[in-house]
Amino acid sequence: MTDDEKFFAWLDGELEPKEASEMEARVAANPQLQRLAEQHRALGAQLRGAFDPIAAAPVPERLRSAVRRPANVVDFAAAKRARSMPSLPQWAAMAATLVLGVLLGTQVPQQGPAPVQIQGGKLYAASALNTALNTELASAPTGDVRIGLTFRDQAGEICRSFTGSAGSGLACRESSRWLLKGLFAAPEGEGSNYRMAAGMDPNLAALVESTMSGDPFDAAQEKAARNRQWQ
Amino acid sequence: MDQPSSFEDQLSALLPRLRRFACALSRDPGDADDLTQATIERALKSREQWQTGTRLDSWCYRIMRNLWIDTARSRSRKDAREVPEEEGLNVGEDPRDAMEAAVDLKRIMEAMTRLPDEQREVVALILVEGFGYREVSEMLGIPIGTVSSRLVRGRTALLAMVGEQ
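If you read the sequences in order, they're chains A and B.
Going by the working numbering, the first residue of the first sequence is number 1, and it counts up by one from there.
Going by the working numbering, the first residue of the second sequence is number 1, and it counts up by one from there.
Possibly wrong hints are sitting among the right ones.
[Unchecked claim] Some chain B residues judged to face chain A by a derived CB distance under 10 angstroms, without partners named:
| id | residue |
| --- | --- |
| 1 | Arg62 |
| 2 | Ile63 |
| 3 | Thr71 |
| 4 | Val128 |
Derived by calculation from the structure, the hints in this document are not laboratory data.
Every residue gets a Cβ at the ideal spot worked out from N, C-alpha and C, and that includes glycine.
Next up, chain A with everything else stripped away, as it sits in the complex:
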């Protein structure tokens, strides 16, 4: 923390008691800092004075009714999804079986580090797969792993579907990593050419559909999301 940051953290009540009292003593001994503290307290009051009337104003009818209107429809959709989707632990187990078979199995000569890491019962992208998810754009593919759709899930995290030579899958952001939500092996004996002609694996398509909230990103949104490190 710089001195500036510490000063403001003190002003905002964010310092631990010991650091806070040190800063308080420094400010008390320094008229310039005192003046700065006053100015910024006034600024905060002014900001709240400007924005609080919005929160105090009546909420327009269209917003109030938006809270009520789609509730039944949403409940129905949620209930349906809960019935038809396997629970998360089941997914993880299925994905683990698949990833070990597809990506680490004998049919794919293993070169270099494994493309997944297992931690706490979850699968995360690693090495080449992680790099592809971090850097590849659907609009400008360069590597072996091709990105399909990029979108946000219902929790607001960014997800990306991908296709490699041996299969395809979906990964979503979780604390700066890519958590694998599903992995689907290419059918035996069918190479990537077939897959590209046939489009997205139907299982993957179903998973994407149930995960996606809103529309998939266009090329510009995809690029902007990459610039923000997929936050």
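Could you slot chain B onto chain A? The hints should help.
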């Protein structure tokens, strides 16, 4: 503490604050209400993703902020076109004896619109909405040090702008 009974009730109770944050983000009253509506719709659609016992407000602010940055491209074109009009804001009755306060209000809101997005959102969340550094760091998915440095830059720039007249 009386706990509102349903998800919809809790969401309704958040509407005034969500509108306020939307105004800080979008700079334009019409856009702000559109953004608020989109946030409500997204929250309702994703309700099973929200974990009971965690803060609904942080979750909704996060949804709003993500919706906002995802539309950054179409927005920046619109922004370049015009200066926002505070007159359109639905802020209730404007007392006539508050002329001076109204001028300050206008000046600080204008200053806010001139902050870069990443500073404006941090200033709004901490200085207006009253969240702590840690909460904002989790909400935005950025390190707490980044929250702190953006906040310093944002509020310093604001003070300079408000003080310059």
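Against the structure, the hints come out as follows:
With a least beta-carbon distance of about 6 angstroms to chain A, the hint placing B/Arg62 at the interface is held under the 10 angstroms criterion. Restraint check, B/Ile63 versus chain A: the minimum CB separation of about 6 angstroms is within 10 angstroms; hint holds. Against a cut-off of 10 angstroms between C-beta atoms, the interface hint on B/Thr71 holds, since the closest Cβ of chain A lies about 9 angstroms away. For B/Val128, the interface hint holds, since its Cβ comes within 10 angstroms of a Cβ in chain A; the closest pair sits about 5 angstroms apart.
When held up to the earlier numbered hints, the structure conflicts with none and fits them all.
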